[in-house]
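> For the record, the sequence lines run as chains A and B. Just so you know, our numbering puts 64 at position 32 of the first sequence, and the rest follows in order with no gaps. Just so you know, our numbering puts 325 at position 293 of the second sequence, and the rest follows in order with no gaps.
Some hints here could point you the wrong way.
Remember, identical chains collapse to one label, so a pair may be satisfied in a single copy or spanning two.
[Stated by the list, open to error] Think about it this way: if two alpha-carbon atoms lie no more than 30 Å apart in a straight line, the pair counts; the simulated DSBU-like pairs of lysine-lysine are:
(1) 251 to 54
(2) 324 to 301
(3) 159 to 54
(4) 324 to 294
(5) 54 to 183
(6) 301 to 288
(7) 54 to 156
(8) 300 to 251
(9) 288 to 324
(10) 159 to 324
Keep in mind that the hints were calculated from the coordinates and are not lab data.
There are 2 protein chains.
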Amino acid sequence: MTTKQSTSEFNPAEWVIDHNGKTALAIRIQGDRLFQEASPYQVVEVFETYDRGKMLTIDRMVMCTEADEASYHEMIAHTPMLTHPGVKDVLVIGGGDGGTIRELVRHPGIERITMVEIDEVVVKASKQFLPTISCAFDHPKLNLLIDDGIKFVQNAADASYDLVIIDSSDPVGPSSGLFTQSFYQDVYRCLRPGGVVTIQSESPLFHPQAFVDLNYCLKQVFGFDSVHLYLVFIPMYPMGLWSLTYCSKGGVHPIKNFDYEKATQFTKKHNLNYYNPDVHQAAFVLPNYIQKIVEN
Amino acid sequence: MTTKQSTSEFNPAEWVIDHNGKTALAIRIQGDRLFQEASPYQVVEVFETYDRGKMLTIDRMVMCTEADEASYHEMIAHTPMLTHPGVKDVLVIGGGDGGTIRELVRHPGIERITMVEIDEVVVKASKQFLPTISCAFDHPKLNLLIDDGIKFVQNAADASYDLVIIDSSDPVGPSSGLFTQSFYQDVYRCLRPGGVVTIQSESPLFHPQAFVDLNYCLKQVFGFDSVHLYLVFIPMYPMGLWSLTYCSKGGVHPIKNFDYEKATQFTKKHNLNYYNPDVHQAAFVLPNYIQKIVEN
Numbered sequence: 033m034t035t036k037q038s039t040s041e042f043n044p045a046e047w048v049i050d051h052n053g054k055t056a057l058a059i060r061i062q063g064d065r066l067f068q069e070a071s072p073y074q075v076v077e078v079f080e081t082y083d084r085g086k087m088l089t090i091d092r093m094v095m096c097t098e099a100d101e102a103s104y105h106e107m108i109a110h111t112p113m114l115t116h117p118g119v120k121d122v123l124v125i126g127g128g129d130g131g132t133i134r135e136l137v138r139h140p141g142i143e144r145i146t147m148v149e150i151d152e153v154v155v156k157a158s159k160q161f162l163p164t165i166s167c168a169f170d171h172p173k174l175n176l177l178i179d180d181g182i183k184f185v186q187n188a189a190d191a192s193y194d195l196v197i198i199d200s201s202d203p204v205g206p207s208s209g210l211f212t213q214s215f216y217q218d219v220y221r222c223l224r225p226g227g228v229v230t231i232q233s234e235s236p237l238f239h240p241q242a243f244v245d246l247n248y249c250l251k252q253v254f255g256f257d258s259v260h261l262y263l264v265f266i267p268m269y270p271m272g273l274w275s276l277t278y279c280s281k282g283g284v285h286p287i288k289n290f291d292y293e294k295a296t297q298f299t300k301k302h303n304l305n306y307y308n309p310d311v312h313q314a315a316f317v318l319p320n321y322i323q324k325i326v327e328n
Numbered sequence: 033m034t035t036k037q038s039t040s041e042f043n044p045a046e047w048v049i050d051h052n053g054k055t056a057l058a059i060r061i062q063g064d065r066l067f068q069e070a071s072p073y074q075v076v077e078v079f080e081t082y083d084r085g086k087m088l089t090i091d092r093m094v095m096c097t098e099a100d101e102a103s104y105h106e107m108i109a110h111t112p113m114l115t116h117p118g119v120k121d122v123l124v125i126g127g128g129d130g131g132t133i134r135e136l137v138r139h140p141g142i143e144r145i146t147m148v149e150i151d152e153v154v155v156k157a158s159k160q161f162l163p164t165i166s167c168a169f170d171h172p173k174l175n176l177l178i179d180d181g182i183k184f185v186q187n188a189a190d191a192s193y194d195l196v197i198i199d200s201s202d203p204v205g206p207s208s209g210l211f212t213q214s215f216y217q218d219v220y221r222c223l224r225p226g227g228v229v230t231i232q233s234e235s236p237l238f239h240p241q242a243f244v245d246l247n248y249c250l251k252q253v254f255g256f257d258s259v260h261l262y263l264v265f266i267p268m269y270p271m272g273l274w275s276l277t278y279c280s281k282g283g284v285h286p287i288k289n290f291d292y293e294k295a296t297q298f299t300k301k302h303n304l305n306y307y308n309p310d311v312h313q314a315a316f317v318l319p320n321y322i323q324k325i326v327e328n
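Please take these sequences and the hints and turn them into a complete structure.
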């Protein structure tokens, strides 16, 4: 049985409230904040919650909670890794909490991971307070650069990566340049033929305009048939319905080229929290109203 | 681009906050409430929101919003209707907003719908303020009874329904008796052989104990192999990840007995908002952590 509490018992001072002025996710915090630092870009904080574990926020937007982060990180990393047959070089833009690289290093075929995070305070907070998420920062295959991802891809060599992951925060502050066509043209250029990119592509409900604009932008760059939206239940983000997008340079398809048997073995070996081969396939199935949003 | 607002700009008086003391969904309301009435059971209210349309609440728990209700109502009604080949008699317990019967009457094979809602104030509010949801209350196949659903099934004849839908609110107040084994034993008894029941079975994250207890209870009554959990993105409920459960008396299976072609035609004909045959199948795929919760 749950105990229902009324609005009058809600004390905003005890909650982190992530809202867009219309809808909000609020997560109650225990005691004082564990960490707060204003970087040149944003305010990074860590809190202890009641049942979602520790929580990392940027400008009071929830980036991740220990209880719920696996759904996001497993789905953004393993979905491309179990369709592209030979990923050796990976570029991660953002991802400062470390969850995406934790998942990537489970794949022994990867030879090098370059991660470009603009804000070292995010990395520092995660290393100090979120050890189950940040546990791969010392991995020998990782080259961590504290730098601007937009400038990095402008200068990256042509055809130098098999997989690029855009693990960004929302399109405000330093991440806003990650939602532009010129950025994705550079990403496309630095992908090898057959390469894949997966992208945190916002919520069709919570950020409807950013979602639509990014989908349109990706289709312009990669071509209509090479952009594949997929959905994940991410309860640490407002409204819980969040999208990732899988794009390919040369047509590797997230379902047709999916190695179900390999994904089955991989899921079992790593005791994954969210991802399994059936979830991989089901995630690309879209409710009608979301199909309509991206068709227009 | 979204405009980020900080917690300090959050005025609780402008929001309906549906929380369990740990996590909350908050939806901002415009102007004064449209309706408020204390029934013998609960306080029923209707609000205008900013981008979710009108919203019905019971004791400040969100029951439905115009923008998001279709996901719930289509999935609780069409999933059984497109697997059971010959539903003639349907019993709906709860469902006072009318959305479930709106979806049911799209199926011409249904001969009679008996709906038992304990609180006529819910029906009244929905009829007055939510016309797109409550539009089937005058349907000639419907027999609406304002009565206690628990007593109703106790007195119902054996083997009298092909489909029962438990469209309840959360297990507090008058709905708490809908989460008990004796209630489901009566439901089982009044199902015809081959009959199906679908149930609002809570969130594994927001109501974890109620979710686990109900799943266990249903397996005791229907048998382990006849209880099938499925998931729906329901952004109008906290954390967005919500479950429904499909149980059968005699083993009709929600995937093996699914009529994909019929569902395809049905989806097209009715221009559905959420449900389609691929969504039907994908909904039964569970992330690993939810599989583990219900296996234990």
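> Are the hints correct? Go through all of them and say.
Here's how the hints hold up against the structure:
1. 251 to 54: within (29 Å within a copy, 40 Å between copies)
2. 324 to 301: For residue 324 and residue 301, only the inter-copy Cα distance (16 Å) is at most 30 Å; the intra-copy one is 38 Å.
3. 159 to 54: For residue 159 and residue 54, only the inter-copy Cα distance (25 Å) is at most 30 Å; the intra-copy one is 34 Å.
4. 324 to 294: Classified as between; 21 Å across copies, 33 Å inside a copy.
5. 54 to 183: The answer is neither: 34 Å in one copy and 41 Å across copies each exceed 30 Å.
6. 301 to 288: both (23 Å within a copy, 29 Å between copies)
7. 54 to 156: between (32 Å within a copy, 27 Å between copies)
8. 300 to 251: For residue 300 and residue 251, the Cα distance is within 30 Å only across copies (26 Å; inside one copy 35 Å).
9. 288 to 324: both (23 Å within a copy, 29 Å between copies)
10. 159 to 324: between (41 Å within a copy, 29 Å between copies)
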